[in-house]
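S.K.: Residues per chain are reported as follows:
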Amino acid sequence: MSESFISIRDLHFSRGKRQIFSGVSLDIPAGKITAIMGPSGTGKTTLLRLVGGQLKPSQGSLSVQGLQIPELNRKQLYQARKRMGMLFQSGALLTDLSVFENIAFPIREHFDFPESMIRDIVLMKLELVGLRGARGLMPAELSGGMARRVALARAIVLDPVLMMYDEPFTGLDPVTLGTIVSLIRELNESLGLTSVVVSHDIHETFSIADHVCILAEGKVAAAGSPEELLNSDSAFVQQFVQGKPDGPMPFHYPAPDFSQDLMQGADSQC
Amino acid sequence: MLDTLQRIGAFTLDTLSSLGRASLFLVQVIAGIKSTLLRPRLLLRELYSVGVLSLLIIIFSAIFVGMVLSLLGYVTLVDFGAESSLGVLVSLSLIRELGPVLSALLFSGRAGSALTAEIGLMKATEQLASMEMMAVDPIHRIVTPRFLAGCISLPLLSVIFMSLGIYAGYLVGSVWLGVDEGSFWSQMQSKVEFGYDVINGVIKSMVFAFVVTWIAVFQGYNAMPTSEGVSRATTNSVVYSALAVLALDFILTAIMFVK
Amino acid sequence: MGSSRKIEILVGLFVVLGLAALVVMALNISNLTSLSSDKGYTITARFDNVGGLRPRAKVTLSGVSVGRVTGISYDRETFQAVVSMRLNPDIDYLPEDTQASIYTSGLLGEQYISLEPGAEDEVLKDGSSITLTQSAVVLEEVIGKLMVSLTSKN
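The listed protein sequences derive, respectively, from chains A, B and C. With numbering that gives the first Met the number 0 applied, the first sequence covers 0 to 269. With numbering that gives the first Met the number 0 applied, the second sequence covers 0 to 258. With numbering that gives the first Met the number 0 applied, the third sequence covers 0 to 153.
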């Protein structure tokens, strides 16, 4: 494995009483696409937020390019974030700005560029995602797939070195899905990015990822290249990869015995 | 019994912690004032949506409140043959009490709730989080301009409320009910003091503006990022604002006008 | 950017409207006298009884308002009420033997101080004290005296 871009060691995090991570350790190699996978509710998105410094871990270390993210002060953190791009699940476009202004937003906030230069940069990024013609639309007028592509253009407008994708494949029609998959691949190659994709869509993720980590129950359950995981003999990995309804990962939420529960009657509903 | 005590304790701790969070939040909001003032365009937009758009409800309410006040005051005063004091009654009630309080309540319903819903929705749709990831502080960029706009708008709205209400009261009192125009104005002018009544009324509305806007932006920023959370935050914003305004009004009135 | 220009104009209008309301309030609705209350000079007067006199009550000269009562306290040496009042700076010609009386405006109105100039050459200055005073008329006392005089005649 090449040098690691993000390195996470013994990470603990809990939200309220719920322990989300209990000792996660993983490395994300530079210049590759790494997928973080796992069943819903295992904290994949939380992991991205920890990397972005929006949440602080209760224990453990998390470094991006050697920078200890949890220990940065506000200014350093904001400096570090300028080199990170993040694609949110909902797109998270600013609803009161047009497509053009949304993409220009980070530039306008951080630099004092002349208007013609901003225009050039924005149109270049829009061309990359194929939406140069939609620059005048408002976010409410975009379809889900278009909104995600605009958000992608906005995420790369400051030329980040790290791109994080939060569930980029959910809720898209097959054609848009294909576009997004190939965009992620292309961006990674043409811009020399390090990409982290959080997803639970096996097929699309395995088609583009160089490296896959599967999280379960607050720990890394398995890691390796897509081929290694497909051929893994771990029952858990097989269940996840093939999408079997029941296996080591239970179908049922923990509950007392069903027949016993039925017999108890109505007084013990809660 | 123990259960009740426990619940009271938990409630107290919850209240204290949200007060603490709101105060820390306020510090962050105030820290953004400098950068907001450097970008007056952002402030201008918020002054429009917070101030200008509240103007209509303030104008109409002021006119009706002034008319009712004059009508009721006349009915009461005429029994004592003191209807020449009608101007004093209308103007002092509006300047000292009704102007600041009613415009604060209307403002929290019109602009405060809108601020809460807007900020809450931005949180629920991850717009605030995405700003953070673009290295833009959402408090400075989104909250501070709205907070400042609220603090500037409400005192202006209150003053408009007061003077319009007094003119509406004059129309009903003098033109309709026939109170002598000269005594209406002259009594008012001799009893209402700018440096005391008007200034204190404006100070009241400045305090209300600060508190109402603070509550509104904090409820929005602190909302649960779901549609249910946003709607609850909006309700809370209006309810807490109303309670805070009325309670503060009592305290301020006791300090200012009771000798 | 047509819409942003519209917003600018409307916000400008809003601010002008607010300030205009404040000006109306200052000129038409209220009086500005107390703004200048830190100017002028303070004199005191001792009364046996101030009745319902309150701070901020008017001080008049032949019915013309020339100042305000700033404070009322009690003097433990002379067992009298001490009323301090601030007079406008242009009223600088009151003789030292000016008399101060507490009157009531109308039957149920508020009480105020009326000054009646004397004849001395020396004038009242900041910190001067008026010695000639007439206390407030307390209604119960008047009625009491009336009753006594009426019953004694019979």
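Bear in mind the hints are in silico, worked out from the structure with no lab data behind them. Heads up, a few of these hints could be off.
Said to hold, decoys possible - Derived DSS-like pairs (lysine-lysine); straight-line CA-CA distance at most 25 Å:
| no. | chain 1 | residue 1 | chain 2 | residue 2 |
| --- | --- | --- | --- | --- |
| 1 | B | Lys33 | A | Lys81 |
| 2 | B | Lys190 | C | Lys5 |
| 3 | C | Lys38 | B | Lys190 |
| 4 | A | Lys218 | A | Lys16 |
| 5 | C | Lys144 | C | Lys57 |
| 6 | A | Lys31 | A | Lys243 |
| 7 | A | Lys243 | A | Lys55 |
| 8 | C | Lys124 | C | Lys38 |
| 9 | C | Lys144 | C | Lys124 |
| 10 | A | Lys243 | A | Lys218 |
| 11 | A | Lys31 | A | Lys16 |
| 12 | A | Lys74 | B | Lys33 |
S.K.: Take the hints in turn and mark each one as holding or not.
M.R.: Status of each hint after checking the structure:
no.	hint	verdict
1	Lys33/B with Lys81/A	22 Å, holds
2	Lys190/B with Lys5/C	41 Å, violated
3	Lys38/C with Lys190/B	20 Å, holds
4	Lys218/A with Lys16/A	17 Å, holds
5	Lys144/C with Lys57/C	29 Å, violated
6	Lys31/A with Lys243/A	29 Å, violated
7	Lys243/A with Lys55/A	35 Å, violated
8	Lys124/C with Lys38/C	13 Å, holds
9	Lys144/C with Lys124/C	38 Å, violated
10	Lys243/A with Lys218/A	21 Å, holds
11	Lys31/A with Lys16/A	35 Å, violated
12	Lys74/A with Lys33/B	17 Å, holds
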